[in-house]
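Enquirer: Sequence:
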Amino acid sequence: MTSVNPPVVVGVDGSESAARAVRWGAAEAAAHGSPLHLVFGVGEPVDFGAGLGVPPIGDDLFRREGIEAVEAAGRLAEETAASLSAGDITTSVVDAPPIPALTQLSGQARMIVVGTRGLGAFRRGLLGSVSTAVAREASCPVAVIPDGELRRSGPVVVGVDGSPADQAAVDIAFDEAAHREAELIALHAATWIGMQSNWQIQTEGSVLISETLAGRRERYPEVRTRRIVVEEEPAKGLLAAAHNAQLVVVGTHNPSRIIEWLCGSTAQNVIHHADCPIIVAQPGE
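The working numbering numbers the first residue of the sequence shown as 1 and each following residue consecutively.
These aren't lab readings, by the way, just hints derived from the structure by calculation.
Every residue gets a Cβ at the ideal spot worked out from N, C-alpha and C, and that includes glycine.
Wrong hints could be hidden among the right ones.
Between beta-carbon pairs, the in silico distance windows are [what the hints assert, rightly or not]:
| id | residue 1 | residue 2 | range |
| --- | --- | --- | --- |
| 1 | E231 | S83 | 39 to 49 Å |
| 2 | E71 | E222 | 16 to 26 Å |
| 3 | L150 | K236 | 20 to 30 Å |
| 4 | L150 | S92 | 21 to 31 Å |
| 5 | E78 | D147 | 22 to 32 Å |
| 6 | E204 | S92 | 24 to 34 Å |
| 7 | G148 | K236 | 17 to 27 Å |
| 8 | S85 | W192 | 52 to 62 Å |
| 9 | E79 | S210 | 35 to 45 Å |
| 10 | G87 | V207 | 21 to 31 Å |
From just these sequences and the hints, can you work out the full model?
Expert: Below you can see the structure in the form of structure tokens.
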């Protein structure tokens, strides 16, 4: 992989969920002129511990599965994005579980793409657990592709909450909206705090969105923007907007704050429940 034109990296495991991630990742790579790298991590994605009565599965079996999975994924990528040449698509089977494998590759990737469901916890591990962990630990944006038919129309929605990750999320959202020729909705969701009134929430939210979007409209004059402020928990507000969207972009406050993720961050809640692709932006990108 090269840092000059970093690739879109897709985690594959032979599941239908991973196939959806490959199709989405191939289209994303083609749209942005990026190479595509398909990776299969050998080893259990989850440490189940001893004493569960689950017989060990040899790495050789996983490696054979991995070779078959990345070859099939490569063919699927070529079918999905005709503009990607054979030289644009690379594959690898790495001797590491999926989570550390993808996290390490994120340092050289433009984006990591994963699905939400794998082949089962005791055979290959839940891809959903991989998506949550990689979104938390990666050093590049992470796209999580849900099950079901994906919408090809609708707006791109970006969550704005005043955190450091807003800038990275908004940059990604404008870029995606421009490539998709889609409307961009900047959404701020908040609930009352103390004596705060509805008017204060609306006013402060509108000011926050305006400040966060500053400068982007000049760089992306073709992108039509809409600003929405709602009185709602952030995750609920974003999930409501996701029902009509083709893509939602959210930021993480600090990927190293494990407690935030265990207790349920906005990004984690949206990943688990959205019915459209989610891109999780990392602060400082």
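Enquirer: A separate judgement is required for each hint: does it hold in the structure or not?
Expert: The hints, checked one at a time:
no., hint, result
1, E231 x S83: 39 to 49 Å, "holds, 44 Å"
2, E71 x E222: 16 to 26 Å, "violated, 39 Å"
3, L150 x K236: 20 to 30 Å, "holds, 22 Å"
4, L150 x S92: 21 to 31 Å, "holds, 26 Å"
5, E78 x D147: 22 to 32 Å, "holds, 23 Å"
6, E204 x S92: 24 to 34 Å, "violated, 48 Å"
7, G148 x K236: 17 to 27 Å, "holds, 20 Å"
8, S85 x W192: 52 to 62 Å, "holds, 55 Å"
9, E79 x S210: 35 to 45 Å, "holds, 43 Å"
10, G87 x V207: 21 to 31 Å, "violated, 48 Å"
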